[in-house]
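Engineer: Sequence:
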Amino acid sequence: MDRITLWLFLFLNIFSVSTAQSLLLSGKDWEIQDIPIDDGQGVFCNDWIPATVPGNIQGDLEASRYLKPLWYGMGDPRLPDVAFRDWWYRKDFMVPVEFIGQRMTLTFDGVDIECEVWVNGQRLGGNSGMFKRFSFDATNAVLPGQINRIEVRIAGMPKELHDLFYAADDPGGLGNTKVNNAVRKQLKELKSKTNGGYDWAVAIYTMGIWKDVWLKATGSINTEQIGVLSSMNSNYTKADLRILLDVDSWSEMPVKVSVRARCEDSKADTAIISQVTKGKNHLEIPLSISKPLLWWPMGHGKQPLYDLVVEISHPENGTVMESQSTRFGVREISWQQVPGVAADFYNPMKLVVNGRPIRQMGSNLLPPDALFGRMNEPGLRLLEQARDAGINCLRLWGGGVILTDSMYNRADELGIMLMQEFPLANSDPETDSVFLSNLKETAVNIIKQIRNHPSIVEWTGGNEMPTFTLGSDHPALLILGDAVKEHDNRFLRATEADEGSGPHGPYVYHTKPDSHMSWLGAGEQNLYQRFNTRDEMRLSEFGTNSPANLEVWQRTIPPLSQWPLSNYEDPVLIRKNVFWGALIKENWLHKEITEDLFGPLDGLEQLVPAGQFLAAEGLRYAMDALRRKGDALGGGFMSWNYNEPWPNGAGSYMVDYDGRPLMNYYFTKQALSKVSLNLKYDSLLFDPAEGVNAEIFLVSDAPEAVENVKWHWLARDIGGKVIGQKEGTASIDPIEVKSLGQINIVPPMELGLGPIIIEMQLFDSNENLLTERVHIFGSDRIAAPLAGLLKNQTDYNNKNPGTTRFKALNGLGNLSIGTDSIDTDRLWLPLSRTSLQAKVMPLRTENDQEILEIIITNSGSMTALFCEPHPIANYRTDIMIDNNYCFIPPGESRSIIIRSLKKSFNPLNLAQTGWKITSWNANPLIIKPTIDVLFSLGRQDSMCREFGGYTGLNTSESTNNISLKGQLIDPKRVHYLMDGNNILEIEFDGTSTLRDKIGLININSSDQSSIGAKIRIELNGEHFDSELKEGYGFQKEDPSQLAQAKTVGIIIPEGIIKPKRNVLKIQVLGNGWFTWDSLDLRICKK
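Sequential numbering from 1 applies to the sequence shown in the working numbering.
Calculated directly from the structure, the hints in this document are not laboratory data.
Please read these numbers as outputs of a predicted model, since none were measured by experiment.
Here a beta-carbon is modelled for each residue, glycine too, at the ideal position from N, C-alpha and C.
It cannot be assumed that every hint is accurate.
[Said to hold, decoys possible] Keeping only pairs whose Cα atoms sit at most 20 Å apart, straight-line, the calculated PhoX-like set for lysine-lysine is: (1) Lys-680 - Lys-512; (2) Lys-91 - Lys-28; (3) Lys-1014 - Lys-1065.
[Stated by the list, open to error] Quick list of the computed label-pair ranges, beta carbon to beta carbon: (4) Asp-970 - Pro-1059: 23 to 29 Å; (5) Leu-1000 - Asp-970: 21 to 27 Å; (6) Glu-160 - Thr-431: 19 to 25 Å; (7) Leu-478 - Pro-703: 35 to 41 Å; (8) Tyr-236 - Asp-535: 32 to 38 Å; (9) Arg-78 - Glu-430: 28 to 34 Å.
Taking the hints into account, I'd like the entire structure generated from these sequences.
Structural biologist: Below, the structure is given as C-alpha cells:
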C-alpha cells in the first residue's frame, strides 16, 4: 500500500467513527469468498469480491454478476448451491488512536445464522442464532492506531436440507412448511420462515452479516443493554420507571450510576452507588418523572420520546468509565374486554392507551426484502407510506424477521403501533432441551433489543401456532411467557389468530359464493356477505388478490409468460405466485374472476387496472364493514398483507417490492379516514329492475367527538346524468357508528344495464374536505357488467352490436326475468368519455421534500375515473402521491400532489421528470419536462422494451445512422442495441438562459457487453469520451432478460451548448456494446 493510499485509508476510517467511543464497521468495503464443502465442488468466486454489511451473500453475488438477476423469471438455477458451502467475510479497518488503553467490545447486531469471528488472526468466538445480538471482548486482539482485519466465517446449510430447498418452490405453496420445520429441527435454532418460500415469497436460504457491526471503546465496564419499563398513576401525572442495566466488569469495584431522562422541558435525574462483581451484573435503578409527556398512537396525539443517558463513573474520583444512551416513550397500555364478553375471557382484545380505547387498523408487515440485509431503506419508506395511508398498526408476522433499529425508531416517531410476534409460524415447536434452551436465549435477546420502543404494544407467540393457546402447557410457549414476564411488562398473546380473532381470511375477491374458496374463509358467501356477518373481536389476516403493477410484469416476467396467462403449469408463473401460489391453481391471479366482470381482456394493459380495481374495491369494503362493527370490533383489524419481500406477479399486498403502491393502497386510505363515510351492500352487482340498494354510514375513530360534518352522495348513469343524490349534517363520537339512511337507485330504463356510479364526499364544519370516494355497481343480468369501464374508446363502441339492438328495444322489456331474444353477452355499454386539462404548479421544497402539485380539471360532462400520474423520464419509486386514483366530477378540479422521499437520489427533480396523467375514460395528458431538460429519450426503468427492434421474443438487426429532433423523443425510432455499427444523432434546441450553466448528459444502459462499452460523444463539434463498465451481456441476444443497469454521466462545460440549434452524436468505439435504457440532457448551475 503506497503512502497516498494509506493516508486516504486512515483518513476515511478515522472519520467513520459515529461517536467519540464507537466505530461503525458496516459499509460497502467488505469482501467475501466461498469455501467448498466437498472436494471437487468448485468455488463460486475465484477471488475475493466486494460485499456490503448489512447484506446477504446472495445479494453480493448478484451485484458482482456471479448470479443472474435473482428476481427475473426463473432466477438462477445455482441459487440453492450458494448455501451449500461456507463463506468468509473480511474487512480491513483503522482503529482510532483514542481507543488505546480502552476496553474494546465487538458487537454484531445479527448474523445469519452461524459464524466464527477472528480479529487480526485471533479467534474471538462464535455464535449460532439469526436473531441474537452478540458481542466479544476484543481488547487483546484490536490494535488501536493501526489497520486491523476482521474475518467472519459463515457456516453453510447442513447437507440434510439440500434436497428440500431444491423443491421448496413447488406448486401449491405448502412446501414451505415442510422446509421450515426441517430447518428448525436440524439447526435447533430460529431462522426466518420466509426462507422456505411462502405463497408470496421465493425460497432462499439466506446467509450473511445482515445487521450492523460495531466496535465500542469503554473503560473497564461495558454496558451491554439498557431497559426502560414504565408504569403510570391513575391520572397520568407521574411515571415510575425501572431502569434495567446489564453490565460486564473486568473487576469487582464500587461504581456510581447516573441516569438522566430528557424530553423537551420534561426531565428527571437520579444516581446510585452500587458494587459490581467481576463479570456479568444486573442493576435496577428507579426513576420518576412528574407530569410526563405521553406518547400516543398516530392520530391520537403527539409522539414525544425521552432520551435516557446512563453514565457509570468511579464514585470517588469521578472518572467516567462508560456512557451509553437509549430512547423510550411513556405510555400506559392495557388490554380489556370487548363489550359483551365475559370479564375472565383469556384473550382480551380491546386496546386502551393512556386510558383511551383505540382500535388497531392496519396491515401485516412482511420483511421488506427477501434478502434481509437490504431491508432497512425500503422498510423506512414503507413506514412513511403506512403513515400516509392512515395505517396505525402493523403486525410483524411471525415468519419474518426482527426489524432494524432504525425501523423501530421510525415507528416510534410516527406513532405506528406494532404487534410483535416471536419468529415462529405454522408449526409445533420441538420440546428437546437443546432447542428449548436456544429458544429461551433468543427470546430474551429479542426482548432486550427492542423493549424500549413504545410503538410495540403486544407480543404474540407466533403466527397460527396450532398448539399455542393461552393456558397451554407447551414448553415453548411457557418459555416465551416467562421471558416476557421477567424482562418486559407487555401482554403476551399465545398466537395470532387465537380465539376471538379468527379465522384468518378470506384472501380472494369474489362476487359469488364459491365452495372451492371455502378454505380461504369465504364459506358459502360472497365477500360482501362474509364481511357483513363477521363476528370476531379482531381480525388479523384478510385480503383480496391483485395483479402486480404493470412495470413489475414487464421487468421481471419474460414476455412468453406475460400473456395469455392460460398455462397453469408455466414454471415462471408458478415461481412468481401468479398460479399455484397456495393450494389451488388460480391463486393468486384469478384472471377468471376479473374476466367474469370485465369480459375478455386484451392484455396486461387491461388486466392490471381491472384486477387492481376489484382488489381495491374488495379490500376497502372489508375494512368498511369491520369498522361498522364499532366497539364490538374493539381489537381492530390488520389486512393481509401490506408489502412483499420480492416482486410477485400477483398477491394481496398494497405496496410492491419496488415501493410502489397498488390501487388497493389508495382505497385503503379512503377506508381508514379518521371519520369515514361508507356504504353497506351485499354485492357490487344489482338487479336492473330493483336498482342499487345500500345503506350509508358514518363511522369515527377520531380521538374526540366530531361535530357537524357535512355529507353528500350523488349517483350517475354511464352517460353522466345525475340519477339521485342526497346530503345532510351529522355529529359523531369516537368509535361510534351512525346510519345516515338507505340508498335506492333505479337506473333509467334505457341505461338499466349500468354501470351506476355513486360519488361520496364528507366535509368538516368549515367545508374542508375530509374524504371522498366513488363506488361502481354493475348489472347482474349480463355477462361482463363492468366491461364498459375500460372498453369505452371509439373502437369498442363500433364492436358492440348488442348495444344497438338493446337501444332498439327502448327499455328493459323482460330482460330482468331472462330472455334469449337479446345477445346478453354483448349488452355492456361503454362508459361515456370526458376531457381533462392540467395545470402544473411551481416545484417547491418543504422539509427536504420536493413537492409538485398538478391541478386537473374535468371540462366534460362525465365524471373522470381514477386519474393517475405516471413519470415519463424514469420509473420513480422514490415518490409518494396524494390523491392518486382520484375521481373528478364534471366541471370540477382535483389536485394530485407528488412528493419525493427525503433521501431521494434521483438525478431529475419532479418537474424535470415529466408526467403522463391517465384516466379510465379520458385521453392521457402529457406534461413535458421543464425546459432545463433539453431532450429526453426513453424511460429509465432498467428495460429497453420501448426501443426499436425489441419484440421481447427475438432481436432484429440494429440500424446504422439515426437522426432525431425534439425534447421528448420517441424511443421506437432508436434501436435498442448500440454498438460500433451505428451512430445516434439528435438535434435539439438550447435555451436562452445558459449563462453560468453547464450541461449534464446521462446515458443509462440496461445491459452492457462483458467488456463494457467505450462511448464517444460529439456535441457541436466537441468530443467527450466515457465508458460503461462490463455487464452480463444478455440483451444482445435476449433483450427482455433483466440485466444490470448502468449510468454514465458526462459534464458539458459552459459555452458548448448553444441557445438555438445543437447537434449531439453518440457512438460506441471498439467491440463493446450496450442496450438503451434512457438518455437525457439537462442544464444546471455550475
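Engineer: Indicate, hint by hint, whether the structure satisfies it.
Structural biologist: To see whether the hints hold, each was checked on the structure:
Simply put, Lys-680 and Lys-512 have alpha-carbon atoms about 17 Å apart, close enough for the 20 Å limit, and the pair holds. A hinted pair counts as satisfied when its Cα atoms are at most 20 Å apart, and Lys-91 with Lys-28 qualifies at roughly 10 Å. The straight-line distance between the Cα atoms of Lys-1014 and Lys-1065 is roughly 14 Å, inside the 20 Å bound, and the hint therefore holds. At roughly 25 Å, the beta carbons of Asp-970 and Pro-1059 sit within the given window of 23 to 29 Å.
In this structure, Leu-1000 and Asp-970 meet the distance hint of 21 to 27 Å, their C-beta atoms being roughly 23 Å apart. Range check, Glu-160 to Thr-431: Cβ separation about 20 Å, and the 19 to 25 Å hint holds. The given range of 35 to 41 Å is respected by Leu-478 and Pro-703, whose C-beta atoms sit roughly 38 Å from each other. Judged by the Cβ atoms, the range 32 to 38 Å given for Tyr-236 and Asp-535 holds: they are separated by roughly 34 Å.
Hint check: Arg-78 to Glu-430, Cβ distance near 32 Å, so the stated range 28 to 34 Å holds.
Hint compliance for this structure: no hint is broken.
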